[in-house]
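Peer 1: Sequences and hints are given; from them, build the entire structure.
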Amino acid sequence: MVASRGNNSNPARIPALGLRVLAFIIVSILVMYFDHRENHLDGIRKAIGAAVYPVQIVVDAPVRLWHWLGESTTSRNELELELGRLQAERLLTNARLQRLTALEAENARLRALLDARNRVRDQVRVAEILSVDANPYEHNLVIGIGSRDGVYDGQAIVDANGVVGQVIKTGVMTARAVLISDADHALPVEVNRNGLRTIAVGTGEIDRLDLPFLPNNADIRAGDVLVTSGLGGAFPAGYPVAVVNSVTRIPQQPFADVTATPAAALDQVREVMLIWSTPAVAEGAEE
Amino acid sequence: MSRDRPTRRLPVVMTLLVGLMLTIMPLADRVEAFRPDWLALLLVFWAMQLPRTWSVGTAWIVGIVLDVAHGTLLGQHALALSVIVFVTVRFHLLMRVFPLSQLTATIFALLALYQFILFWVNGVAGVVAPMIAYWAPVIAGTALWPFLFMFLSGIRFRARAGN
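Quick mapping for you: the protein sequence lines, in order, are chains D and Z.
For the first sequence, my numbering begins at 1 and goes up steadily by one.
For the second sequence, my numbering begins at 1 and goes up steadily by one.
If you are wondering where the hints come from, they were derived from the structure by calculation, not from laboratory data.
The beta-carbon is built from N, C-alpha and C at its ideal position, and this holds for glycine as well.
There's no promise every hint is true.
To be verified - Using C-beta positions, here's what the derived DEER-type ranges look like:
#  : chain 1 : residue 1 : chain 2 : residue 2 : range
1  : Z       : Met21     : D       : Leu17     : 41 to 47 Å
2  : D       : Ala222    : Z       : Arg96     : 52 to 58 Å
3  : Z       : Leu94     : D       : Trp68     : 48 to 54 Å
4  : D       : Pro215    : Z       : Arg160    : 38 to 44 Å
5  : D       : Ala105    : Z       : Glu32     : 50 to 56 Å
6  : D       : Ala222    : Z       : Ile155    : 41 to 47 Å
7  : D       : Ser72     : Z       : Ile61     : 16 to 22 Å
8  : Z       : Leu17     : D       : Gly195    : 52 to 58 Å
9  : D       : Gly195    : Z       : Ala143    : 34 to 40 Å
10 : D       : Gly195    : Z       : Ile132    : 21 to 27 Å
Peer 2: Take a look at the structure:
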C-alpha cells in the first residue's frame, strides 16, 4: 500500500489543491500587510525565532569548534602577544575604575575651587568648556586647554557619564571638539552585554544617536549600554557612550532602526576630561 | 493526508532541517549571493515525489520559518514557496516522467518564479536590492539540481526500501 502511495499511480488530482493554495496566498498577503503596517506580529516572530535558535547553534558549532581548535594550537609567541594585550587592557580597566572614584572627589573639589585645570590622573585631564554651539548642523564645543597642554587632534573627550566627543582642531590655548551627536560624527561602539560591534552615528539632535548598521536579527534591545570598542583608534575601549533607547525592526528593511541616548549629558556638561590613551598603554607595556 | 508512516516523514524532515542550516550558515561575502535556495529545491523535490504529504501547507510553514531566519517581511518567502510548490504538485506527474535535463530546465523556471515573487513583494514594500541578489541563486540552484536530485532520489529509494 505504501509503495502504491509512493508511486502515486492514481492520476487523480490532489483534492482541493487550488483552494488550499489560494487560502495560503491570501494568508501570506494578510500576514505581510500586518507585518509591514504595524508590529503586531513581533511576538510571533520572536516565538519562531526561538524555535530556529537551536538550528543556529548547530550551524555555529563548527565555526566555534574551529575557533577553539585555533586557540588550542596557537603558538607561544601569539599567546605572549595576547597576554601583553590583555595586560594592557587590564591596566586600562583599572585606570577606568580609578577614574570613577577620583572623579567624585575631584568633581566636588572642582566645583568649590573653579579651577578646572588640575590634573586628575596622568592620562586624564579636566578641561572647562568655553563655548558650545549645538545647532542642528554642527555640534561643537570649545575647551579651555590646547596644544600647550599636550592636546592633540583626534583626542577623546569624556565626562563623568560617558563619551562626549573628540578634538578636531587644536589651538594653543583652546581646542575645538566635535560632539558625538554631530550629524557628521560616527563612533565605533560595542554592546556592553554581548560585545556586538557597530557604529553609532550622530543625528544632529543633541539627545539621540542612530545605530544604522544593525541587521534586523541583531541581538540588541532597549536598555543595552553601548561602550567604545576602541576599534576606531581615537577612543580607548570601554567608555560608556550611550544607552539604547528604542529598537524598531522593520521587517522589509535590511537594517533595524536603533536609536540611543548619549550617556553623557551633552548639553549640560561644564567640565570634560581629555584622555591620553597612548601613555596608558605604554605604561602597561613597561610593566 | 497523513496515511504515511512516521518513518517516511523522517528523511524529509531531516533534509529540510539540513536545508535550513545550509540557508542560515554564514558564507564569505563573495559567494554569499550565490547561495542556492536550498529549501525551495528540497520542497520542490519532495512535493514532486510525495505530493499528498508534502504540499503547499508544508511550504508555507517552511516559508514563515525562512522569513524569521532572514528577517524579511513575514509571509514573503511563505508566499513564494507556496506558489512554486503548488505549481510542482499540480504538474508532479508530468515532472516525474521528464528526463533530468528537461526537469532541470523546469527547476530553472520554478526558481525564477520564486525569485520573481520575492522581487515583486520587495518592490511593493519598497526594498531595493541589486539584481544579482535575485539571479545568482537561480543560476546556482539550477546548477545544483542534478546532483541534489540524484542524492535525494537515493535517500528516497533507501527510505522506501527500509519499509
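Peer 1: All hints, please: hold or fail.
Peer 2: Going through the hints against the structure:
For Met21 of chain Z paired with Leu17 of chain D, a C-beta distance near 30 Å fails the hint of 41 to 47 Å. Between Ala222 of chain D and Arg96 of chain Z the CB atoms are about 53 Å apart, so this pair conforms to the stated range of 52 to 58 Å. The beta-carbon spacing between Leu94 of chain Z and Trp68 of chain D, approximately 51 Å, falls within the hinted interval of 48 to 54 Å. With their beta carbons about 42 Å apart, Pro215 of chain D and Arg160 of chain Z fall inside the hinted range of 38 to 44 Å.
In this structure the supplied range 50 to 56 Å holds for Ala105 of chain D paired with Glu32 of chain Z, their Cβ-Cβ distance being about 53 Å. At roughly 46 Å, the beta-carbon separation of Ala222 of chain D and Ile155 of chain Z lies within the given 41 to 47 Å, and the hint holds. At roughly 41 Å, the beta carbons of Ser72 of chain D and Ile61 of chain Z sit outside the given window of 16 to 22 Å. Look at Leu17 of chain Z against Gly195 of chain D: about 29 Å separates their beta carbons, and that is not inside 52 to 58 Å.
Between Gly195 of chain D and Ala143 of chain Z the CB atoms are about 38 Å apart, so this pair conforms to the stated range of 34 to 40 Å. For the hinted restraint 21 to 27 Å between Gly195 of chain D and Ile132 of chain Z, the CB-CB distance of approximately 32 Å leaves it violated.
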